[in-house]
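Colleague: Listed in order, the protein sequences are those of chains A and B. Heads up: the first sequence at position 435 corresponds to 435 in my numbering, and the numbers run straight through without jumps. Residues are numbered in my numbering as their position in the second sequence, beginning at 1, plus a constant of 462.
Worth flagging that the hints you see were computed from the coordinates, not collected in a lab. Any given hint could turn out to be false.
[To be verified] DSS-like mimics (lysine-lysine), calculated; alpha carbons at most 27 Å apart, straight line: (1) B:Lys-639 to B:Lys-628; (2) A:Lys-27 to B:Lys-533; (3) B:Lys-639 to B:Lys-533; (4) A:Lys-138 to A:Lys-408; (5) A:Lys-409 to A:Lys-138; (6) A:Lys-231 to B:Lys-489; (7) A:Lys-27 to B:Lys-693; (8) B:Lys-677 to B:Lys-870; (9) A:Lys-360 to A:Lys-348; (10) B:Lys-871 to B:Lys-732; (11) A:Lys-41 to B:Lys-693; (12) B:Lys-822 to B:Lys-788; (13) B:Lys-693 to A:Lys-71; (14) A:Lys-329 to A:Lys-361; (15) B:Lys-480 to B:Lys-768.
[What the hints assert, rightly or not] Partial chain A-side listing against chain B, Cβ under 8 Å, derived: (16) Tyr-24; (17) Pro-34; (18) Thr-58; (19) Leu-62; (20) Glu-68; (21) Leu-70; (22) Leu-100; (23) Met-111; (24) Tyr-135; (25) Glu-148; (26) Val-189; (27) Arg-191; (28) Trp-195.
[Claimed, not checked] The following label-pair restraints were derived from C-beta to C-beta distances: (29) A:Arg-145 to B:Ser-580: 47 to 53 Å; (30) B:Val-853 to A:Lys-368: 57 to 63 Å; (31) A:Ala-325 to B:Asn-705: 53 to 59 Å; (32) B:Tyr-790 to A:Tyr-462: 50 to 56 Å; (33) A:Lys-138 to B:Glu-543: 54 to 60 Å; (34) B:Glu-700 to A:Glu-136: 53 to 59 Å; (35) A:Glu-238 to B:Ser-856: 48 to 54 Å; (36) A:Glu-442 to B:Thr-783: 56 to 62 Å.
Virtual Cβ for every residue (Gly too), placed ideally from N, Cα, C.
Number of protein chains: 2
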Amino acid sequence: MKSDNFSEWFNELLVDAKIMDVRYPIKGLYVWFPFGFTLRKLTYDMLRSLLDREHEETYFPLLIPENELLKESEHIKGFEEEVFWVTRGGSTELEVPLALRPTSETAIYPMFSIWIRSHADLPIRIYQIVNTFRYETKHTRPLIRLREITSFKEAHTAHTSWEEAKKQTEAAVALYKEFYDRLGIPYVVSRRPQWDRFPGANYTIAFDTLMPDGKSLQIGTIHHLSTNFAKTFDITYEDRSGNQQYVNQTCYGISERCIAAVISVHGDDKGLVLPPEVAPTQIVIIPIFTAQANSEAVLKACNELKHQLSRYRVVLDADDTRPGAKFYKWEKQGVPVRIEVGPRDISKRAVTLVRRDTGKKEVVERSKLQARVAEVMTEVLNTIAERAQAVLRSHIVAIETPEQAKGKKGFFQISWCGSESCGLQLQELSEADVLGEAEPIEGRCAVCKTPTNVRAFLARPY
Amino acid sequence: MKSDNFSEWFNELLVDAKIMDVRYPIKGLYVWFPFGFTLRKLTYDMLRSLLDREHEETYFPLLIPENELLKESEHIKGFEEEVFWVTRGGSTELEVPLALRPTSETAIYPMFSIWIRSHADLPIRIYQIVNTFRYETKHTRPLIRLREITSFKEAHTAHTSWEEAKKQTEAAVALYKEFYDRLGIPYVVSRRPQWDRFPGANYTIAFDTLMPDGKSLQIGTIHHLSTNFAKTFDITYEDRSGNQQYVNQTCYGISERCIAAVISVHGDDKGLVLPPEVAPTQIVIIPIFTAQANSEAVLKACNELKHQLSRYRVVLDADDTRPGAKFYKWEKQGVPVRIEVGPRDISKRAVTLVRRDTGKKEVVERSKLQARVAEVMTEVLNTIAERAQAVLRSHIVAIETPEQAKGKKGFFQISWCGSESCGLQLQELSEADVLGEAEPIEGRCAVCKTPTNVRAFLARPY
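Isolated chain A (complex conformation) (with noise of 0.2 Å):
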């Protein structure tokens, strides 16, 4: 169950609903299922509408030469012992060895070195979907710690200015918000401490939601990268009074980790509650056959619903299992709405709909059945947001002593000074991390009792 022993049920959930295969030979490697891949292509097409509104998508080499990795000093610090290494092409050992990238910044600064000449050239707005590579020493586990990400969507921006790249990083946020928001996924946003910034960045923001069993999971980050990467990169521009000037950069990303906060946030112990925006399926329509019935006229029935609702990803499942297996099967895989048809149903001109979020049934007549589960479709993504909301909210919990966090679930308050060492302080004895700042309150630090009004964000991060 999902209650007693989340991990379980998550692994058993990705195979039984096909999700992804976790039997690949490889540790941290696994492959996607038809119907996992459809999930993740209705996401990430989404991801990508709205990243389109002021983005370009383009893609970038997987190969990024060792030289080029080690440039940034901070950055390269923060990834060497995770970075895989191409050093053999057939039989030939390389003179330059390649990296598979673990994020983009030094396969992408050097052409923005190339292509910013001028303050005309700025903005520049890109993103790519891509397949990052991290050597994974801990646990791994399907969507969440991975060696190959296989879904990392990475936008990269430049500006004329310091405020500029904060206001993108501001855009940023909005823009995670409204795709978490359709996802139905509550999250918590904060600036991450200091030690805990991207390696190279100036200040990160991260968005954090809660999973089942009470860890935190990071499930988007945003980095100000001010002039970092600009000095190393040589990237500038010619501003209007003809000097040359350093651009100020930012970037943003997300990976499938936003599948994975979907499957567990949102599915229960029947299966996946999926997003209707996002669901494979949107409507299963299944005939119900009984002994006196015509079972044809439900048939011709079921197909004229199939053609009136087929502004949605609708499937009318027909063959001859029983339907209580059906159900089942259906469930499972998340779908929000089901549809029965049978005798009685024919002669009423009504339906029976069922709704996977709740699993409340409701008889509705065929000639409101288009107005109804439009209506449907928007109330269920509102139920699964709000229950979820509320599991956040009751899981954020203000404490005293950094002990009282310890082996607890949920987000921690607790007043903090903000110096570095009161915070290493806190997650030593809470066992937990300072994820960042959450909303002040007046107190003490609760480590060396200064007066503060800050109050620290603790989690227990995968």
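Based on these hints, arrange chain B on the given structure of chain A.
Modeller: Leaving out everything else, chain B in the frame of chain A:
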């Protein structure tokens, strides 16, 4: 110019038309500019829609363990000098080197062995669109000969019998024909000689097109794998009588060479000429302001047209550059239809429509514009397809002796007994490759003089 120096023309156009940046600091790796990426996206979306009729999209890992890659002995012989190897993670030497997939048979088929149990699981038809890698030691070229093939569509199928697999290869040929027909790219389809089949295949069918320099470009291959991989990877199913049988398999692929073909075959000295279905911009509207013009009225008319044509990808280019510079720019980008709107057009409630394929201008009444644009889009495709077809046909030449092909452009047909030794002899004497067989005609093998009705297709391939 394209006709003088195709190679130079191609490389310049890739940069000028913003398809690819060739300045990435590793040999054989290139960057897709946003415009090029959109062309790629539209082309692959079309390919995807064709495949989705009876295939399912999936994703398998990039990395393949050495022992799996080495299992099929013929297969690895074909690839061993071309594989990139990951040997290090962080500072740790990996126990088992990992190959970057050169193609994914050895990643996918171990999973097929798990997935397939019974005849009821067959056929399986899946595909993925992924980056694959070849350690090319020859001269590399963007879109044509790459170390990272960024856009490899590979389909893999499994069937109960050799005959069913053969039918699948025929279905794949039909699918590829539709794909290339919709791009207006002419092709020769032939079965590769056995010495040139895919490593591990029973036989290989290939699509080749003619490049402007007279060489052939292989733009798609289809392989009947028989039970070769099934035996290596132990892929069996229980048949209706309860006996275990090996599956018969096929695989077939298309890479970004399809984009290379579109650019090379249709382009001219002004730039790209794109098939309307995949043109990132299908219509550009250009207001013509003259001294006497009421520029507000012109702009208003342009905006109305843009709205009226919104089912196309349409751009209104209303900035203050002079029209000539705009024409030049959009012609380079291959936009199929240009619409000019000046004061005189407004008074006549008409517009001037200019076709990219022929350069022809026509005046179209605004009330008839929608219908005319729809016609023109079809005509553009037909015109460029027929033009390309005519060029290909005129370059298929029957010859008597292999030496007649030496240093010449195009495809050559020559009588051949069909034996490998005479085939290799033909290749040596013509300095070209045997692509496959041409339509039969009675004759004598140009090498051994045996009577035969077989003719070989000869060409110099990329």
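Colleague: Confirm or reject each hint.
Modeller: Against the structure, the hints:
1. With a C-alpha separation of about 17 Å, the suggested pair Lys-639 of chain B and Lys-628 of chain B falls inside the 27 Å cut-off, and the hint holds.
2. This hinted pair checks out: Lys-27 of chain A and Lys-533 of chain B have alpha carbons roughly 20 Å apart, not beyond 27 Å.
3. As the CA atoms of Lys-639 of chain B and Lys-533 of chain B are separated by approximately 33 Å, the hinted pair breaks the 27 Å bound.
4. With a C-alpha separation of about 22 Å, the suggested pair Lys-138 of chain A and Lys-408 of chain A falls inside the 27 Å cut-off, and the hint holds.
5. Straight-line distance between C-alpha atoms of Lys-409 of chain A and Lys-138 of chain A comes to about 22 Å, which keeps the hinted pair within the 27 Å bound.
6. With a C-alpha separation of about 26 Å, the suggested pair Lys-231 of chain A and Lys-489 of chain B falls inside the 27 Å cut-off, and the hint holds.
7. Annotation: proposed proximity of Lys-27 of chain A to Lys-693 of chain B holds, straight-line Cα distance about 26 Å (limit 27 Å).
8. Restraint check for Lys-677 of chain B and Lys-870 of chain B: the C-alpha separation of about 9 Å stays at or below 27 Å, so the hint holds.
9. Straight-line distance between C-alpha atoms of Lys-360 of chain A and Lys-348 of chain A comes to about 20 Å, which keeps the hinted pair within the 27 Å bound.
10. Our distance criterion of 27 Å between C-alpha atoms is met by Lys-871 of chain B and Lys-732 of chain B, whose separation comes to about 24 Å.
11. Simply put, Lys-41 of chain A and Lys-693 of chain B have alpha-carbon atoms about 34 Å apart, too far for the 27 Å limit, and the pair is violated.
12. As the CA atoms of Lys-822 of chain B and Lys-788 of chain B are separated by approximately 17 Å, the hinted pair is consistent with the 27 Å bound.
13. For the suggested pair Lys-693 of chain B and Lys-71 of chain A, the alpha carbons sit about 48 Å apart, so the restraint of at most 27 Å is broken.
14. For the proposed pair Lys-329 of chain A and Lys-361 of chain A, the alpha carbon gap of about 18 Å is at most 27 Å, so the pair holds.
15. As the CA atoms of Lys-480 of chain B and Lys-768 of chain B are separated by approximately 24 Å, the hinted pair is consistent with the 27 Å bound.
16. For Tyr-24 of chain A, the shortest C-beta to C-beta distance to chain B is roughly 6 Å, which falls under 8 Å, so the interface hint holds.
17. For Pro-34 of chain A, the shortest C-beta to C-beta distance to chain B is roughly 4 Å, which falls under 8 Å, so the interface hint holds.
18. At about 5 Å, the closest approach between the beta carbon of Thr-58 of chain A and any beta carbon in chain B falls short of 8 Å, and the interface hint on this residue holds.
19. Here the hint on Leu-62 of chain A is kept, as its CB sits about 6 Å from the closest CB of chain B, short of 8 Å.
20. Hint status for Glu-68 of chain A relative to chain B: holds, with the closest Cβ pair at about 7 Å, below 8 Å.
21. With a cut of 8 Å, the hint placing Leu-70 of chain A at the interface with chain B is violated, because the nearest CB-to-CB distance is about 13 Å.
22. Of the supplied interface hints, the one on Leu-100 of chain A holds, with its beta-carbon coming within about 7 Å of a beta-carbon of chain B, less than 8 Å.
23. The restraint placing Met-111 of chain A at the interface with chain B holds, with a minimum CB-CB distance near 6 Å, inside the 8 Å limit.
24. Here the hint on Tyr-135 of chain A is kept, as its CB sits about 3 Å from the closest CB of chain B, short of 8 Å.
25. For Glu-148 of chain A, the suggested interface contact is upheld, since its CB lies about 5 Å from the closest CB of chain B, less than 8 Å.
26. Using the Cβ-Cβ criterion of 8 Å, the hint placing Val-189 of chain A at the interface with chain B is not satisfied: the shortest such distance is roughly 29 Å.
27. Annotation: Arg-191 of chain A was flagged as interfacial toward chain B, and the flag is violated, the nearest CB pair being 29 Å apart, outside 8 Å.
28. Interface hint status for Trp-195 of chain A: violated, as the beta-carbon distance to the closest one in chain B is roughly 21 Å, over 8 Å.
29. For Arg-145 of chain A paired with Ser-580 of chain B, a C-beta distance near 35 Å fails the hint of 47 to 53 Å.
30. At about 60 Å, the beta-carbon gap between Val-853 of chain B and Lys-368 of chain A stays in the expected band of 57 to 63 Å.
31. Under the hint 53 to 59 Å, the C-beta atoms of Ala-325 of chain A and Asn-705 of chain B, about 29 Å apart, miss the expected range.
32. At roughly 54 Å, the beta-carbon separation of Tyr-790 of chain B and Tyr-462 of chain A lies within the given 50 to 56 Å, and the hint holds.
33. A hinted range of 54 to 60 Å is violated for the C-beta pair Lys-138 of chain A and Glu-543 of chain B, which are about 36 Å apart.
34. The hinted range of 53 to 59 Å is not satisfied by Glu-700 of chain B and Glu-136 of chain A, whose Cβ atoms lie roughly 38 Å apart.
35. Against the hinted window of 48 to 54 Å, the Cβ-Cβ separation of Glu-238 of chain A and Ser-856 of chain B comes to about 51 Å, which satisfies the hint.
36. Here the CB-CB span from Glu-442 of chain A to Thr-783 of chain B is close to 60 Å, well matched to the stated 56 to 62 Å.
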